[in-house]
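Enquirer: Read off the chains here:
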Amino acid sequence: MTVTVARDAMQARFAYRALTFRRRLILLGLFGLLLASFVVDLMLGPARYSASQVLQALFDPTGVPAALRVVIWDIRLPVALMAVVTGASLAVAGAQMQTILNNPLASPFTLGISAAASFGAALALVFGVGLLPIAADYIVSINAFIVAMGAALLIHLLSQARGVTTETVILLGIALVFTFNALLALLQFFASEQALGAVVFWMMGSLTKASWNKLAITAGVFALSLPFFFHRAWALTTLRLGDDKAASFGINVKRLRLEIMLLVSLLAAVPVSFVGTIGFIGLVGPHIARMVIGEDQRFFVPASALAGAAILSASSVVSKSLIPGLIFPISIVTALIGVPFFFSLIMTSRKRSW
Amino acid sequence: MVTLRLDGVGVSYGRRRVLEGITTPVLAGGEVVAVVGPNAAGKSSLFRRIAGLIAGVGEVAIEGRSPVAGRSRPSACYLPQDTAVNAVLTVYESILLAFKQGGSWSVSDDELKRIDTVLRELEIEDLAFRGLGELSGGQRQLVSIAQTLAREPDILLLDEPTSALDLHRQFEVLSLVQRLARERGMLVLISIHDLNQALRFADRVMVLARSRLVALGAPREIVTPALLADVYGVRARVEVLEGELPYVVVEGAAGRAA
Numbered sequence: 001m002t003v004t005v006a007r008d009a010m011q012a013r014f015a016y017r018a019l020t021f022r023r024r025l026i027l028l029g030l031f032g033l034l035l036a037s038f039v040v041d042l043m044l045g046p047a048r049y050s051a052s053q054v055l056q057a058l059f060d061p062t063g064v065p066a067a068l069r070v071v072i073w074d075i076r077l078p079v080a081l082m083a084v085v086t087g088a089s090l091a092v093a094g095a096q097m098q099t100i101l102n103n104p105l106a107s108p109f110t111l112g113i114s115a116a117a118s119f120g121a122a123l124a125l126v127f128g129v130g131l132l133p134i135a136a137d138y139i140v141s142i143n144a145f146i147v148a149m150g151a152a153l154l155i156h157l158l159s160q161a162r163g164v165t166t167e168t169v170i171l172l173g174i175a176l177v178f179t180f181n182a183l184l185a186l187l188q189f190f191a192s193e194q195a196l197g198a199v200v201f202w203m204m205g206s207l208t209k210a211s212w213n214k215l216a217i218t219a220g221v222f223a224l225s226l227p228f229f230f231h232r233a234w235a236l237t238t239l240r241l242g243d244d245k246a247a248s249f250g251i252n253v254k255r256l257r258l259e260i261m262l263l264v265s266l267l268a269a270v271p272v273s274f275v276g277t278i279g280f281i282g283l284v285g286p287h288i289a290r291m292v293i294g295e296d297q298r299f300f301v302p303a304s305a306l307a308g309a310a311i312l313s314a315s316s317v318v319s320k321s322l323i324p325g326l327i328f329p330i331s332i333v334t335a336l337i338g339v340p341f342f343f344s345l346i347m348t349s350r351k352r353s354w
Numbered sequence: 001m002v003t004l005r006l007d008g009v010g011v012s013y014g015r016r017r018v019l020e021g022i023t024t025p026v027l028a029g030g031e032v033v034a035v036v037g038p039n040a041a042g043k044s045s046l047f048r049r050i051a052g053l054i055a056g057v058g059e060v061a062i063e064g065r066s067p068v069a070g071r072s073r074p075s076a077c078y079l080p081q082d083t084a085v086n087a088v089l090t091v092y093e094s095i096l097l098a099f100k101q102g103g104s105w106s107v108s109d110d111e112l113k114r115i116d117t118v119l120r121e122l123e124i125e126d127l128a129f130r131g132l133g134e135l136s137g138g139q140r141q142l143v144s145i146a147q148t149l150a151r152e153p154d155i156l157l158l159d160e161p162t163s164a165l166d167l168h169r170q171f172e173v174l175s176l177v178q179r180l181a182r183e184r185g186m187l188v189l190i191s192i193h194d195l196n197q198a199l200r201f202a203d204r205v206m207v208l209a210r211s212r213l214v215a216l217g218a219p220r221e222i223v224t225p226a227l228l229a230d231v232y233g234v235r236a237r238v239e240v241l242e243g244e245l246p247y248v249v250v251e252g253a254a255g256r257a258a
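From first to last, the protein sequence lines stand for chains A and B. Per full-length UniProt numbering: the first sequence = residues 1 to 354. Per full-length UniProt numbering: the second sequence = residues 1 to 258.
The shape of chain A in the complex, shown without the other chains (with noise of 0.2 Å):
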């Protein structure tokens, strides 16, 4: 008895050590996935190039012609990485969302973050009127940014008021997003023509805005962040057995939830600031790292991060493949080619993930 009891034990021991090898594995298998879908988004375009093409481009820029560095560096390179860095950033700022909050719905979009980004963009785009006085070219992202950062520490304000859980700010996020999409369908009432259709471009969200610039900004901040989502993985894996359980085991949850509640706003608000509304993403992606993955964020966050950055990738591609020429506003593509994905995956999974 004591025998089978204490081999029970070690093979305990060792199925945890395969269990993370295994886990190991799966994030090289995404980043494998990620890696592909991004080498094939930089070789469709107008011009299509092969794959051996795009990678001497890369990596031997001065041996290749001069045509073909130009569209690969400065044309589709920044709109590459920009939907990597974007998936990245939305995916981890809404696993963050509802693992802190404690709900599957939670995401930058739902909880208003991009309908007030797209307020803010609107203000711009039809009257004109700039938050800040400074950097023309920026006017429309710095607006974005500015309301949806407000939109955010509003949402904090309230969630500090005694007696407010974690449910009701997912409902107060909900109240966000039908004001801000009202405000937003005043300003369209109101607006001309051409600044009409500028807004109703935007919110559909484009990867085509992006620059080196934006990339830097974008990927700064999500560098910026990483090191302290890292930092606090065990906190924030605990913080999903309940905030009872999570103080007892000595975190000051209150605390960690605010600190992080202000990262994921920083960290959701710029990349939509930049592209425009892409909502899928931010639920989804985490959704998808959660099913394959599990919910320890050693593993969870980077699998969030690679889920969300292969989706936006791959979207980019197909919104590159539909009708030659033509390219695609992005959050088209991640809803109608994502929904159906999603669904089949949660259909289909045996485990339950939520």
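In short, the hints are calculated from the structure, not lab data. Glycine included, C-beta positions come from ideal geometry on N, C-alpha and C. Worth double-checking, as some hints may not be accurate.
Stated by the list, open to error - For each label pair, taking beta carbons as the anchor points, the in silico distance ranges come out as: (1) B:G103 with A:L258: 17 to 27 Å; (2) B:E111 with A:A51: 43 to 53 Å; (3) A:F341 with B:R65: 29 to 39 Å; (4) A:F59 with B:A84: 44 to 54 Å; (5) B:F129 with A:L158: 37 to 47 Å.
Chain A is already provided as a structure; the job is to place chain B on it using the hints.
Expert: Showing chain B alone in chain A's frame:
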């Protein structure tokens, strides 16, 4: 050895006082103290207060040296009442989280052995790689107890740990808790509704009612028909047979409960 003493401890939520003037003699490691009383008597609030999770008036004095190596002062760990969890984590991972906070990302073999030991003590090795969401209420409670034990606290505050367990598991868990108290010098406070279990396993019984401490002492002296009538509003006998444990037989309701 660890000791706990409460002096005028009170807890309020806004204007509502849920506990006041709780003063106890010194409770020492090695003891099992059953905390009983009607619903909403303030048992959970008392535990949270002792664990330092909420503030309030009075003093919670935890003193003495921790028998756990490498720990400067004794620690208290509160096991909340059972709540459903939808996290996509295995039982094994959830026990790791109980003591693995901050620090490095790598998990040492010693840490994994600690989990293995707890799983073995509670005889739940077969649950190790089940998802938390797939557990029954009773299994969930055992896993929660495993998490709490893995923290190796000096003061263990168990809030209705046996409410969802079958008779066999109740007996096992309470026996284990009693053994840990004796062997490791742990002080165990356990809130429990089954008075017969309290009589069987507790060294002392603490009775809370109407936000106050009504009685604290040896089970046989405390659990009397008069107290049961006063605190729970029931007519009851307490049978004591020679050489056996006393047990409570409820005969009917009597007037208003506390």
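Enquirer: Now look at each hint and say whether the structure bears it out.
Expert: Verification of the hints:
{"no.": "1", "hint": "B:G103 with A:L258: 17 to 27 Å", "result": "22 Å, holds"}
{"no.": "2", "hint": "B:E111 with A:A51: 43 to 53 Å", "result": "45 Å, holds"}
{"no.": "3", "hint": "A:F341 with B:R65: 29 to 39 Å", "result": "58 Å, violated"}
{"no.": "4", "hint": "A:F59 with B:A84: 44 to 54 Å", "result": "52 Å, holds"}
{"no.": "5", "hint": "B:F129 with A:L158: 37 to 47 Å", "result": "40 Å, holds"}
In this structure, the one hint that does not hold is number 3.
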